[in-house]
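Participant: Each chain, letter by letter, is given below.
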Amino acid sequence: MNTNTRLAQSISRRKIGFCLAFGLPTLLIALPLICAEHGGAPHAVAAQPVVVDRSSHGSIRHVDTHVVVRPQVVVRPEPAHTVEVRHEVVSRHDVVVHRDVEADVHRPHFWNDFVYGRRLAVLPLGFLAMQIGGVPYYYCGGIYYQPADGGYQEVYPPIGAAVPQPPDGAIEIVAGGLTYYYAGGAFYLQQPDGTYAIAPTPIGVVVPELPPGAIQVSVNGTVAYQFNGIYYEPTFVNGVTQYETFMP
Amino acid sequence: MKDRSRFPAAARARRGLALAAGVLSGLMALSVSAADAKPAVDPQADELLKRMGDYLGQAQFFSVSAEVWQDIQLSSGQRVQAGRTIELQVRRPDRLRAEVHSTRRNRELVYDGKAITLFNRAQNFYGTVRASGSLDEAMDVASERFGIAMPLEDFIRSDPHKDLLQKVTSGTDIGPVTVMGVACEHLAFTQDKIDWQVWIESGARPVPRKFVITYKDEPDSPQYTAIFSNWDFATKLPDFVFQFEPPAGAAKIKVKEIKAENQSRKTEEK
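So the sequence lines, in the order shown, correspond to chains A and B.
Under my numbering, the first residue of the first sequence carries the number 23, and numbering increases by one thereafter.
Under my numbering, the first residue of the second sequence carries the number 7, and numbering increases by one thereafter.
Errors might be hidden in some of the hints.
[Unchecked claim] Partial selection, computed: residues in chain B whose CB lies under 7 Å from chain A:
hint, residue
1, F131
2, D160
3, D169
4, V261
[Unchecked claim] Pulled a few chain A residues facing chain B out of the computed Cβ check, cut under 10 Å:
hint, residue
5, G80
6, I82
7, V85
8, N134
9, D190
10, E255
11, T257
12, G261
13, T263
Hints in this document: simulated from the structure, not taken from any laboratory.
For each residue, glycine too, the CB sits at the ideal point set by N, CA and C.
Just chain B, with the same shape it has in the complex (with noise of 0.2 Å):
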């Protein structure tokens, strides 16, 4: 008290810096807050997607067939669906064979932990990358090196729930609706560019049944649909459906590199 009264400076000084280590606090708390702000996710969505992401992560191996219907807009301006399948095959850890056919366009990639090979069928063409590892790294080498995505990725992935999480901003759990005959949960959730929703099974096996994703950021913000059928997690998948042998007549091309010049273009671009 003696000493307060007789440095009132230092007393002033002292107020003031704990004034401003209060202000401190609380701007440094709201910073980081902000920093780490987390997406507003339903917890109960975020339980669900959570809850299929682990089946299909952890499944050893499954087969799936998917229906795709994608909005395309023709020259004229008028909007389209076009349609095409999706057959997957996926044994974990690095073995991956997907066809995707439709009325004109009949192609196929495989995966067998040494190569990833393209298959053309309607032209009888193919090509061959290399590539190893997981089917994670596999992909990564595909999309990096390639510009090729697997259809359907998101799901093949080995961590479903925190791929399909990484840009999202909020997500809901819409309620419980019925797909293709199957009772399900409808979760929606939003990103920057686009709005994405998938339909759970309910029950002891949450699987996809449905996905949509909205392009916002596009023109009459376009969406791509799978409805997802055929889920089977019991009929083993041997080697030899993983390993592909060309066709009589079949004529290898090449699989063009994307290069870091045309990506950074893209950048620019966009």
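Bound conformation, chain A alone (with noise of 0.2 Å):
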């Protein structure tokens, strides 16, 4: 053998020995960390997270996950007056954003006080006044009147009604890609100008509560519950029973 031959032989084995002591070690080294991020598999397809409430029930197995159910959401064509759909919001956090239906906390509001068509010789003290399609409205607390025989009465929320803010105690529902703000049997969208506009209910949202006021009714036998022309179907969500909209 010649001296170029034992040379080139020489090189040969420290490029497999470069090779085995580098390349090994990467991919050893590699391999595990791959295999953590994937779950375990170099394939393996993350395993969905489960939708459970999980301040409610007390469960460490289900502690990453938490409920919020927002099926898709069909909006009513054509509302009776034009309420601009905004997209881009920045959500409220002075809001129950994450309503827990299990817990037991009366949170009583004003608007929970709502009774249609309840008469009233004065306006609440702080009423706004708003005209709504020409006609005239009295805002309060989450409540809306019209005038009545020289008095005033409770009136169902109207469509197109904007008030500077949702009212207190307003729960923040996300569906069908909006931000609603809901309250009173009402559904407010935040508006360009930064005030809150009564949206037409969105069909097929799943509520904690029903308006109030609603009444129950049997539609093909199935109990729910309507009001202002809307009904609402007791469903058990995530186990507890809340309310999702629905148009017989």
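Take the two lone chains, each set in its own frame, and fit them into one complex as the hints suggest.
Facilitator: Right under this line is the structure:
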């Protein structure tokens, strides 16, 4: 063997040595990390987390999940009054976001006391006057009024009514890509001018509580509730009774 | 010796290979130990939790009451506690009855080996979903398909020790303490998003007496507290305990199935 051949063999052995020394460890070190990222196997699909109410059931097992059921929403066409639907809405932080329907805390709000048609001699202090489609309305704490017989009467929330902020205790409900604020049977959407306007009630959305004054009815032999022309079907959602809006 | 002097390049390559192999071994050991790192759980805490888990998991039937207190934040920002009681009746392998009572709410969940029935006693609504198999299997169906978590599920499952430690990163035995007049051992565990504590009765019957979860990842770290009482491993639980008969006038309503679509949406939001 001449010198060149020996040199070539030596270089070849060194190459193999380097490849083995650095290629193999790199692979062996990377493999567990790759596996860890993918949940145990390089090609495993990440498991879908379970959606349950994390704070109500006291479970370690379901701690990484919590409930918010947001089904697809179909908004009824042609609202009586124009409400601008804006997608880029900054979420408010002073509303109940993840409504805990399980916890037994009564949260009384002004609008809880709504009774359709109830008459008042004078409006509550701090009312707001507005015109919707040329019709006069008055607003206070999530309840709407119209003039009647020299006084005023409580009426259903009119679509298009815009107020500076959602009523106290409004529940944030994200559905169909929109963030609604639900209170007193009305669904408010933030407008470009910063106000909150009542939008048509989204159909197929689940709300944790009925509007105050909803009337129990029977629809095709099934119990339901009706409020301002919208029907609410009681349904167990995450094991707790909630209400899904529908139109028969 | 002769060979080495004749082929110094080959000798250098061998030395390099040996060195690299050494470095590789070290790195591999580090990598493996990092990947398989066990949580830093105090052996005493682990042993006590295992005793509790084995005791509950091997019990063929039991009943227990729990008083639950849960931190709630009102829309005004004020923090209050909501309370309720839970009555659990468990008969392995496939029977469960859970009743949740509070001033305004009153609901039940019954599993009879064939179906899970939810009952809202306050409004007289009930709904049923098919499920079968062991309690673990039924609870998995309930949570994965219907988003229902059994109250205090961690203590009902067949291997509470294993389930409870699944995501634990550290655990400590805080020491002996009394809960409602009962001598207990206080254990504290940490996880990524929560801290949790359990107080296990000292002596021959290692049952949980108190359980607290602190949700560290939520504003102001709200807590869920359960205080257990009336542990009963002696009274037999016949079939009728787990049979649901709708009361007069009860209306059957739907049980909403959780869709994968909602799950993925929730994941994105998180």
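Participant: Next step is simple, just say for each hint if it's right about the structure.
Facilitator: Each hint tested on the structure:
1. F131: Since chain A brings a Cβ to about 6 Å from F131(B), closer than 7 Å, the hint holds.
2. D160: holds, 5 Å
3. D169: holds, 6 Å
4. V261: holds, 4 Å
5. G80: Status holds, d = 5 Å.
6. I82: Status holds, d = 5 Å.
7. V85: This interface hint holds because 5 Å falls under the 10 Å limit.
8. N134: violated, 13 Å
9. D190: With a minimum Cβ separation of about 6 Å from chain B (threshold 10 Å), the hint on D190(A) holds.
10. E255: Constraint on E255(A) satisfied, holds at 7 Å.
11. T257: holds, 5 Å
12. G261: Holds, because the Cβ-Cβ distance from G261(A) to chain B comes to roughly 4 Å (cut-off 10 Å).
13. T263: Because about 5 Å separates T263(A) from the closest Cβ in chain B, which is inside the 10 Å limit, the hint holds.
Consistency with the previously given hints fails for number 8 only.
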